[in-house]
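Participant: Chain A is fixed; fit chain B with the ligands onto it per the hints.
Here is what each chain is made of, one letter per residue.
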Amino acid sequence: MSADVELQNISVTFGNFYAAKNVSVKIREGEFFSFLGPSGCGKTTLLRAISGFLNPSEGKVLISGQDMAGIGPNKRPTSLIFQNLALFPLMSVSENIVFSLEVRGVGKLERQKRAEELLELIALSGQGDKKVHELSGGQRQRVAIARALAIEPEVLLLDEPLSALDLKLRQKMRTELRAIQKRVGITFIYITHDQGEALTMSDRVAVMNEGELEQVGLCDDVYDYPHTPFVATFVGENNAFYGKVTSVQNDLVNVESSGINFFAKAGKKDENSNHSFSSGDDVILFIRPESIFIKNDNNKLDNTFTAKVNTIEFEGNLKNIYLKMNSDMSLKFSVPNAVDTSELSNNTDVELTFSSQKAIVLPKGALAVD
Amino acid sequence: MNTFYKKNGPLISTYFIIAIVFWLVFLIIIPQLYMLDLSFRPNLPPLLRGGPDDVHTLVHYKHFIFGSETSQDNYNYVDIGVFFNTIITAIFVTIINLCFCYPIAFYMAKVANPKSARLLIVSLIIPFWINELLRSFALRILFAGEGVINNVLIGSGLIDSAINFIALDIALYTGLTYAYILLMIFPLYNAIESLDTNQLEAAKDLGSSTLRTHWRIVIPHAKAGIASGCTMVFMLTAGALATPVVLSSPNTYWFTQLIYQWFNMNDNWSRGSAYSILLLSVSVVFVLLMMRLFKVKIGEIIR
Ligand SMILES: Nc1ncnc2c1ncn2[C@@H]1O[C@H](COP(=O)(O)OP(=O)(O)OP(=O)(O)O)[C@@H](O)[C@H]1O
Ligand SMILES: [Mg+2]
Chain A
1 MSADVELQNI
11 SVTFGNFYAA
21 KNVSVKIREG
31 EFFSFLGPSG
41 CGKTTLLRAI
51 SGFLNPSEGK
61 VLISGQDMAG
71 IGPNKRPTSL
81 IFQNLALFPL
91 MSVSENIVFS
101 LEVRGVGKLE
111 RQKRAEELLE
121 LIALSGQGDK
131 KVHELSGGQR
141 QRVAIARALA
151 IEPEVLLLDE
161 PLSALDLKLR
171 QKMRTELRAI
181 QKRVGITFIY
191 ITHDQGEALT
201 MSDRVAVMNE
211 GELEQVGLCD
221 DVYDYPHTPF
231 VATFVGENNA
241 FYGKVTSVQN
251 DLVNVESSGI
261 NFFAKAGKKD
271 ENSNHSFSSG
281 DDVILFIRPE
291 SIFIKNDNNK
301 LDNTFTAKVN
311 TIEFEGNLKN
321 IYLKMNSDMS
331 LKFSVPNAVD
341 TSELSNNTDV
351 ELTFSSQKAI
361 VLPKGALAVD
Chain B
1001 MNTFYKKNGP
1011 LISTYFIIAI
1021 VFWLVFLIII
1031 PQLYMLDLSF
1041 RPNLPPLLRG
1051 GPDDVHTLVH
1061 YKHFIFGSET
1071 SQDNYNYVDI
1081 GVFFNTIITA
1091 IFVTIINLCF
1101 CYPIAFYMAK
1111 VANPKSARLL
1121 IVSLIIPFWI
1131 NELLRSFALR
1141 ILFAGEGVIN
1151 NVLIGSGLID
1161 SAINFIALDI
1171 ALYTGLTYAY
1181 ILLMIFPLYN
1191 AIESLDTNQL
1201 EAAKDLGSST
1211 LRTHWRIVIP
1221 HAKAGIASGC
1231 TMVFMLTAGA
1241 LATPVVLSSP
1251 NTYWFTQLIY
1261 QWFNMNDNWS
1271 RGSAYSILLL
1281 SVSVVFVLLM
1291 MRLFKVKIGE
1301 IIR
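Quick note, the sequences are listed as chains A and B, same order.
Per the numbering used here: the first sequence = residues 1 to 370.
Per the numbering used here: the second sequence = residues 1001 to 1303.
Just chain A, with the same shape it has in the complex:
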């Protein structure tokens, strides 16, 4: 069984500080939904409101359409995986996993059977008698998942459960989490500040900043059509060119940035409509590093400009090239490792090109600073 979760105008205040501000979102049943945002933006706060550990100052949490006000965490059909897992160190792995059944008075044999099923689900068969501290980080992770799944919750809430793991293990666990979610078929609400994590696992993501939702959508939509400068720079990498609108023709906006004229699409304001611009507006033009190419006879797109190479950085599968256009504008673009960059060296001028279809213009606003 799985359930949908709806947040209606949720605000959470501590004193007069808003940790969450007017958050409204509908999470569908069976969905893998992520809240993505920088540290301290209120993700844990929101999750605690869903699980019932704190009451929102305003707004409602609905699970399967039922208002959860006044219903405690132990009575909600949710299960929470804590940021630090919070496994019980004095209990064995099995005892941890079926603790929720023990408190419900399920008999010992039945518990043992269920523990074995769950250990199999997390690929730890036969390790139920171990103590928690005898497990590796990734194994503990999986035990926490099994423990949360033991009561067959309708919604599983996960608070950055992978943040303590090293990169390789994190990537492996992403795939595993996704597979477990497919198998049990319940709603997963996942919290992370790692955009890679959110994009690889989720059906949809909500990008949060300072307690507010900036954008909710499918992963590729959020990546390709950010609604705000914050989303454009927080999700993936982006080059930001500050400038002014000089003219608008149909959907194409002409932006002048430090003496160069660029063409770009108007960015989306919400699902269905674009921002509208007029001459003189202060805007930012965004173009992703992977959409910029070195100009040559095969690659000639409708925007071209020149910049000076600053440094070249080797990142395994990619090479990142940092350039300067003038004193206060710099940019980055990436080429696959196979591309020959031997003729680029420091301070050489290169001609670059990108398509106006890949660039978007948004009203001036705050960027995500990492």
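Where hints are given, some of them may not hold.
[Unchecked claim] Each computed DSS-like pair below joins lysine-lysine, with the alpha-carbon atoms no more than 25 Å apart:
| hint | chain 1 | residue 1 | chain 2 | residue 2 |
| --- | --- | --- | --- | --- |
| 1 | A | Lys130 | A | Lys108 |
| 2 | A | Lys113 | A | Lys130 |
| 3 | A | Lys358 | A | Lys269 |
| 4 | A | Lys358 | A | Lys319 |
| 5 | B | Lys1295 | A | Lys130 |
| 6 | A | Lys358 | A | Lys268 |
| 7 | A | Lys131 | B | Lys1223 |
| 8 | B | Lys1297 | A | Lys130 |
| 9 | A | Lys244 | A | Lys358 |
| 10 | A | Lys295 | A | Lys319 |
| 11 | A | Lys269 | A | Lys21 |
| 12 | B | Lys1223 | A | Lys130 |
| 13 | A | Lys265 | A | Lys358 |
| 14 | B | Lys1295 | A | Lys131 |
| 15 | B | Lys1110 | A | Lys75 |
| 16 | B | Lys1110 | B | Lys1223 |
| 17 | A | Lys358 | A | Lys332 |
| 18 | A | Lys268 | A | Lys332 |
| 19 | A | Lys131 | B | Lys1297 |
| 20 | A | Lys131 | A | Lys113 |
| 21 | A | Lys131 | A | Lys108 |
[What the hints assert, rightly or not] DEER-style ranges, computed between Cβ atoms:
| hint | chain 1 | residue 1 | chain 2 | residue 2 | range |
| --- | --- | --- | --- | --- | --- |
| 22 | B | Cys1099 | A | Lys131 | 24 to 34 Å |
| 23 | B | Trp1215 | A | Gly15 | 53 to 63 Å |
| 24 | A | Lys131 | B | Trp1215 | 17 to 27 Å |
| 25 | B | Ile1095 | A | Leu90 | 20 to 30 Å |
| 26 | A | Phe14 | B | Leu1241 | 16 to 26 Å |
| 27 | A | Lys182 | B | Ile1095 | 24 to 34 Å |
| 28 | A | Ser258 | B | Ser1116 | 56 to 66 Å |
| 29 | A | Ser273 | B | Ser1209 | 45 to 55 Å |
| 30 | B | Ile1095 | A | Glu58 | 43 to 53 Å |
If you're looking for bench data, these hints aren't it; they were derived computationally from the structure.
Model, not experiment: these values are computed from the prediction.
Note that beta-carbon positions come from the ideal geometry of N, C-alpha and C, so glycine has one too.
Facilitator: For chain B with the ligands alone, kept in the frame of chain A given last:
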């Protein structure tokens, strides 16, 4: 040892070692060994000490059991009774103390915000600036026949005539419980403090009732603190003197009162030592029992 020296420097290390050895040898081991030896010797006037009569003997232990140094016809019901009464009462006082302090310690460690927790700690400590004897007399005033408690109870119409709290030893139990409350609260508080609050929430999220969360999560985590608090409170309660002297009913004796009498009033140091050794042995047995019961090691208790 080497790292100890390196960490603290030669001067401080030497000071520590001398201080600890002095403390152990001169203040604990030698006096206790002397008492142990004394307890096996007859009570002789100073002139005869070291003479031919000064031999090892069990007379004082015999006296504790049979009430006489020579005959074995009767048991010394009075002394044995006082002894067991003291031990059993001390155990009860320890249990009551634990039940009373656990919620307070839990509240301070996990429920109260840091500011009110600090306030609570201070208000628990300040009464203990007053000396133990004065605190006991204060309780005696509260519990007296015409005392505050009786006056309030009679005034509110709950009872018709004054309750004799002293004769019922209610005053004594209250006084003993109160006397060592801090030694229970602080080990408990420290132990519970160190529990990850997320574990409490995780248990709750998994559907656990408050009672079960305490039973399965908090108490197992805090067991070293519980054992440490219980052993300290038990030892000090069994060994208390001022509180029983002031608060016990005229026909209740605390074992320490007997010891005191042998040492001071009867000038029989040997018998006093024998009785002290008995009390000490039971206290040590109690500590070992607590460690067995809670499956903790001595190192954890001291922590
Ligand atoms: N109990 C509290 N009292 C006061 N302020 C709080 C409390 N809990 C959280 N906050 C504040 O609310 C804001 C959001 O906190 P929250 O823990 O939700 O962030 P987060 O997005 O989960 O961050 P992280 O990624 O670091 O876990 C923070 O600024 C934090 O200081
Ligand atoms: Mg958090």
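Participant: Each of the hints needs a verdict: does it hold here or not?
Facilitator: Each hint, compared with the structure:
At most 25 Å may separate the alpha-carbon atoms for a hinted pair to count; Lys130 (chain A) and Lys108 (chain A) meet this at roughly 18 Å. For the hint pairing Lys113 (chain A) with Lys130 (chain A), the CA-to-CA distance comes to about 17 Å; that is within 25 Å, so the pair holds. At roughly 17 Å between alpha-carbon atoms, Lys358 (chain A) and Lys269 (chain A) fall within 25 Å of each other, so this suggested pair holds. Our distance criterion of 25 Å between C-alpha atoms is met by Lys358 (chain A) and Lys319 (chain A), whose separation comes to about 20 Å.
The suggested pairing of Lys1295 (chain B) with Lys130 (chain A) holds, with an alpha-carbon distance near 19 Å, which does not exceed 25 Å. Taking the CA atoms of Lys358 (chain A) and Lys268 (chain A), the gap is near 13 Å; set against the 25 Å cutoff, the hint holds. The suggested pairing of Lys131 (chain A) with Lys1223 (chain B) holds, with an alpha-carbon distance near 18 Å, which does not exceed 25 Å. Taking the CA atoms of Lys1297 (chain B) and Lys130 (chain A), the gap is about 22 Å. The hint holds against a cut of 25 Å.
Distance check on the hinted pair: Lys244 (chain A) and Lys358 (chain A) sit about 19 Å apart at the alpha-carbon level, within 25 Å; holds. The hinted pair formed by Lys295 (chain A) and Lys319 (chain A) meets the criterion: a straight-line CA distance of about 17 Å does not exceed 25 Å. Under the criterion of a C-alpha separation no larger than 25 Å, the hint pairing Lys269 (chain A) with Lys21 (chain A) is consistent with the structure, at around 20 Å. Taken as a hint, the Lys1223 (chain B) and Lys130 (chain A) pair is honoured in the structure, with Cα atoms around 21 Å apart against an allowance of 25 Å.
Pair hint Lys265 (chain A) plus Lys358 (chain A) holds up; C-alpha atoms about 8 Å apart against a cutoff of 25 Å. A threshold of 25 Å between alpha carbons decides the hint, and for Lys1295 (chain B) with Lys131 (chain A) the separation of about 17 Å falls inside it, so the pair holds. With a C-alpha separation of about 22 Å, the suggested pairing of Lys1110 (chain B) with Lys75 (chain A) holds against the 25 Å cut-off. A hinted pair counts as satisfied when its Cα atoms are at most 25 Å apart, and Lys1110 (chain B) with Lys1223 (chain B) qualifies at roughly 16 Å.
Between Lys358 (chain A) and Lys332 (chain A), the direct Cα distance comes to roughly 15 Å. Compliance with the 25 Å bound is thereby established for this hinted pair. Restraint check: the Cα-Cα separation between Lys268 (chain A) and Lys332 (chain A) comes to about 24 Å, which is no more than 25 Å; the hinted pair holds. Of the pairs offered as hints, the one joining Lys131 (chain A) and Lys1297 (chain B) holds, with about 19 Å between alpha carbons and a cut-off of 25 Å not exceeded. Among the hinted pairs, Lys131 (chain A) with Lys113 (chain A) is consistent with the structure: their alpha-carbon atoms are about 19 Å apart, no more than 25 Å.
Restraint check: the Cα-Cα separation between Lys131 (chain A) and Lys108 (chain A) comes to about 19 Å, which is no more than 25 Å; the hinted pair holds. Taken as a hint, the range 24 to 34 Å holds for the pair Cys1099 (chain B) and Lys131 (chain A), whose Cβ atoms sit roughly 30 Å apart. Range check, Trp1215 (chain B) to Gly15 (chain A): about 36 Å between beta-carbon atoms, so the 53 to 63 Å window is missed. Separation of Lys131 (chain A) from Trp1215 (chain B) is about 19 Å and conforms to the stated range, judged on CB atoms against 17 to 27 Å.
Taken as a hint, the range 20 to 30 Å holds for the pair Ile1095 (chain B) and Leu90 (chain A), whose Cβ atoms sit roughly 23 Å apart. Evaluation of the 16 to 26 Å hint for Phe14 (chain A) and Leu1241 (chain B) yields a failure: the beta carbon distance comes to about 52 Å. The given range of 24 to 34 Å is broken by Lys182 (chain A) and Ile1095 (chain B), whose C-beta atoms sit roughly 54 Å from each other. Checked against the hint of 56 to 66 Å, the pair Ser258 (chain A) and Ser1116 (chain B) passes, with Cβ atoms roughly 58 Å apart.
The given range of 45 to 55 Å is respected by Ser273 (chain A) and Ser1209 (chain B), whose C-beta atoms sit roughly 52 Å from each other. The given range of 43 to 53 Å is respected by Ile1095 (chain B) and Glu58 (chain A), whose C-beta atoms sit roughly 48 Å from each other.
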